[in-house]
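Starting from the known structure of chain A, fit chain B onto it as the hints suggest.
Residues per chain, in single letters:
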Amino acid sequence: MLEQLLFGIEVALNGLMTGVLYALVALGFVLIFKASGVFNYAQGVMALFAALTLVGFQNGQIPFAHLINAVLGTNVHHFGWHLPALLSVVMALASMVLLAVIVERLMLKYLINQEPVILFMATIGLAYFLEGFGDMMWGSEVKKLDIGLPVGPSDSIESFTYDLFGYGFFIDRLDIVAAIVAALLVVTLTVFSQYSKIGRALRAVADDHQAALSVGISLRFIWVVVWSIAGFVALVAGIMWGAKSGVQFSLSLIALKALPVLMLGGFTSIPGAIVGGLIIGVGEKLFDFLLGPIIGGATENWFAYVLALLFLVFRPQGLFGERIIERV
Amino acid sequence: MKFKKMIFAMLIAGFAAPAAMADLFVPWLAYRTGPYSPGGIPVADGFSDYMTLLNERDGGIGGEMIVVEECETAYNTQKGVECYEATKGKGALVYSPLSTGITYQLIPKATADGIPIHSMGYGRTAAADGTVFSHVFNFPAHYWDGASIAVNHILDLNEGDIKGKKIVLVYHNSAYGKEPIATLELLADKYEYELMLVPVDHPGQEQKAQWLQIRREKPDYILMWGWGVMNSVAINEAANIRFPMENFIGVWWSGSEADVLPAADRSNGYKALAINRLGVDYPAMDDMKKYVLDAGLAAGNGDQVGTVLYMRGVYGALLITEAIRVAQKMHGVTDITPEMMRDGLENLVITEELMTELGFPNFGPSFAVTCENHGGEGIGYVQQWNAKDQEWTIISEAIQSEKEIIDKQIADASAAYAEENNIQRRCL
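Chains as they are written, first to last, in this note's numbering: chain A, 166 to 493; chain B, 3 to 430.
Hint data in this document are derived by calculation from the structure and do not stem from the laboratory.
Even glycine gets a Cβ: it sits at the ideal position worked out from N, Cα and C.
Possibly wrong hints are sitting among the right ones.
[Claimed, not checked] In silico lysine to aspartate or glutamate, EDC-like type, Cα no more than 20 angstroms apart, as pairs:
(1) B:K405 - B:E66
(2) B:K390 - A:E296
(3) A:K309 - B:E66
(4) B:K220 - A:E168
(5) B:K92 - B:E66
(6) B:K81 - A:E296
(7) A:K309 - B:E259
(8) A:K309 - B:D305
(9) B:K220 - A:E296
(10) A:K309 - B:D391
(11) A:K309 - B:E393
(12) B:K220 - A:E323
[What the hints assert, rightly or not] Facing chain A, according to a computed beta carbon distance under 8 angstroms, are these residues of chain B, among others:
(13) I43
(14) N175
(15) P205
(16) A211
(17) G230
(18) K291
(19) L295
(20) G298
(21) A300
This is chain A alone, in the form it adopts within the complex:
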């Protein structure tokens, strides 16, 4: 019985860690939605693209090598260098900023004052474009991501809990790093959003495009800023998930894990994304632990959505979302 309880606690702790990873993806959605009212369908693909770009730079891969070889009849694949991890991260981040500028120049600037659904549709198009573009640029084979992050179980936690309870808890060291990074991100983004000039401008733009323009806020600049930050968050999420599974197309599907987190935490709250992620992470793990054996297991995919739907019934704006007030 005690062992069962301890195992339950271990499952819950790992659920919290997984929840942090879900929250990392959800954060990117929240940032863009908060600042521009756009639900960015491409956020998952941005995580994939960012991770592909990071590995590509690090391994000295020649972008569009397949295309170049097919057109010119050459046989080039690599520059022959292997960049340090930090430099590769910085270069990948610069690429995400460049992507933000391009998205603004070629897509968003034509959609100012359009209905949110139009912007949403545009991000669907962007997602499909980025999927193909990333494949063409870096290839679709599975890539190993190695930037020196710790992997494997934490021995100290295992031995500490074994000494304490006679049961060694398993906690992945990568998950601990992800939790620390997520905490730093949330604090930084919250402070940035609440107290910086640009942060206040972001919120003004989110409330009303035209009103923000009338007081001299450059909508286009704000969009570049917010998509760049979302690109940065996507890069962090891509690194954390990519370190577990390798960088491959499936990374883009992690967006599916972020949707219930957003429904639960609210689309406009940074702390909401974190709390939502934690609730989903713990909830799905405990549900699978308690009821999985009875109903055949593999409950994680649907349970998150059922939980989110329950929240929608009682609190449509999510736990931390802004209350919807429509005046007629």
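Only chain B this time, still in chain A's reference frame:
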């Protein structure tokens, strides 16, 4: 105006005419996009490149050129069915769906249309019974063979006694992943091992709950029926819980380079089943280099050549092209029809002499397809990953599945299918 009409007429003619009525038309339901593309690409490349080799080196088969037309399914069952519908009218000789889900959907359609399906090493497993499944072939081995081969390997490691051992099956929660369960349960009754089932939902990016459970259960062996990202995440998680990799055995779809590379050194010693041997040290692969790769005619960019899944694609193409030869010989024509192709598949005999003649000595097992047996002999191998050398090596001799158990299982499952679909048995 006249010019416009002419262009329009040409376009209509182009779209309406069958793609290649005089050629041997072999559609390939590919998935070069989507979450399973890292597996789909090398198989498609190997399949296409072998066909190109025969065209370039031999002028096709019996003087008829082979035309491979890829249709992208993204491993999506609905798209797979659409691809079938879009290509079957072009004179398709045989389909290789490379997906158990698509195969399940195509079995009744293709049977009604008289077009054979070759589901090499995947489901539907019961289709090995040719008396019920007239147009489906899953030689040289199927999932129930795979389950038995894996258990036989574990028996070999334990001097034939696995009573009381705990074996976990981690499986993709789909028609594919569920295929080995019944066989493993039957074998558990026979050998008195304890079987534990752990499903993983698509795509398998997050498996923490499953591996915590496995860690707690402390199994002796883990078997895996996974595909795509599920494989690499599972291998990573197994390493996390410090499970001995040499006791972790995947099916042949869980044993490619893409599955083990993300876990780097920690995947060292991981095992998987194989239905053919590995590598490029075969005379035919020298020809492949000369006539296809160096000539710039490869289907991909050449970086998959020699990988496990590329060679499986080559092997699949080899079996299909040999069946085409059999069909041409049986019917005395080179321009064969799908029904003739079915006959060719049903009378295919692969011997070591033939494999040597084709430039692939000791590459795959010898077997004979018959009217009753569309599944082959059920022979497989075990391969093991060497992380230091970054290569897979075959570590076992050919392992035979337990035919007396599996044949009964196939007979029961196909009888149920026949009754359900009111099918008259053949070959009687």
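Hint-by-hint comparison with the structure:
Taken as a hint, the K405 of chain B and E66 of chain B pair is broken in the structure, with Cα atoms around 38 angstroms apart against an allowance of 20 angstroms. Our distance criterion of 20 angstroms between C-alpha atoms is broken by K390 of chain B and E296 of chain A, whose separation comes to about 33 angstroms. A C-alpha spacing of about 43 angstroms is found between K309 of chain A and E66 of chain B, which places the hinted pair above 20 angstroms, so the restraint is violated. A hinted pair counts as satisfied when its Cα atoms are at most 20 angstroms apart, and K220 of chain B with E168 of chain A qualifies at roughly 14 angstroms.
Between the alpha carbons of K92 of chain B and E66 of chain B the distance comes to roughly 16 angstroms, so the proposed pair stays at or under 20 angstroms and holds. Using a Cα cut-off of 20 angstroms, the hinted pair K81 of chain B and E296 of chain A holds, with the two alpha carbons roughly 18 angstroms apart. Of the supplied pair hints, the one linking K309 of chain A and E259 of chain B holds, its CA atoms being roughly 11 angstroms apart against a limit of 20 angstroms. Proximity of K309 of chain A to D305 of chain B is assessed by CA-CA distance (about 16 angstroms); at most 20 angstroms being required, the pair is judged to hold.
Restraint check for K220 of chain B and E296 of chain A: not satisfied, since their Cα atoms lie roughly 40 angstroms apart, outside the 20 angstroms limit. This hinted pair checks out: K309 of chain A and D391 of chain B have alpha carbons roughly 16 angstroms apart, not beyond 20 angstroms. As the CA atoms of K309 of chain A and E393 of chain B are separated by approximately 16 angstroms, the hinted pair is consistent with the 20 angstroms bound. Under the criterion of a C-alpha separation no larger than 20 angstroms, the hint pairing K220 of chain B with E323 of chain A is consistent with the structure, at around 16 angstroms.
For the restraint placing I43 of chain B at the interface with chain A, the shortest Cβ-Cβ distance is roughly 6 angstroms, inside the 8 angstroms limit, so the hint holds. Residue-level restraint check for N175 of chain B holds (minimum Cβ-Cβ distance to chain A is 4 angstroms; threshold 8 angstroms). Against a cut-off of 8 angstroms between C-beta atoms, the interface hint on P205 of chain B holds, since the closest Cβ of chain A lies about 5 angstroms away. Using the Cβ-Cβ criterion of 8 angstroms, the hint placing A211 of chain B at the interface with chain A is satisfied: the shortest such distance is roughly 4 angstroms.
Checking G230 of chain B against chain A by beta carbon gives a least distance of about 6 angstroms; that is within 8 angstroms, so the hint holds. Among the interface hints, the one on K291 of chain B is violated; its C-beta lies about 14 angstroms from the nearest C-beta in chain A, farther than the 8 angstroms criterion. Evaluation of the L295 of chain B hint against chain A yields a violated restraint, the C-beta minimum of about 11 angstroms exceeding 8 angstroms. For G298 of chain B, the shortest C-beta to C-beta distance to chain A is roughly 7 angstroms, which falls under 8 angstroms, so the interface hint holds.
At about 11 angstroms, the closest approach between the beta carbon of A300 of chain B and any beta carbon in chain A exceeds 8 angstroms, and the interface hint on this residue is violated.
Taken one by one, the earlier hints fail for this structure at numbers 1, 2, 3, 9, 18, 19 and 21, listed in ascending order.
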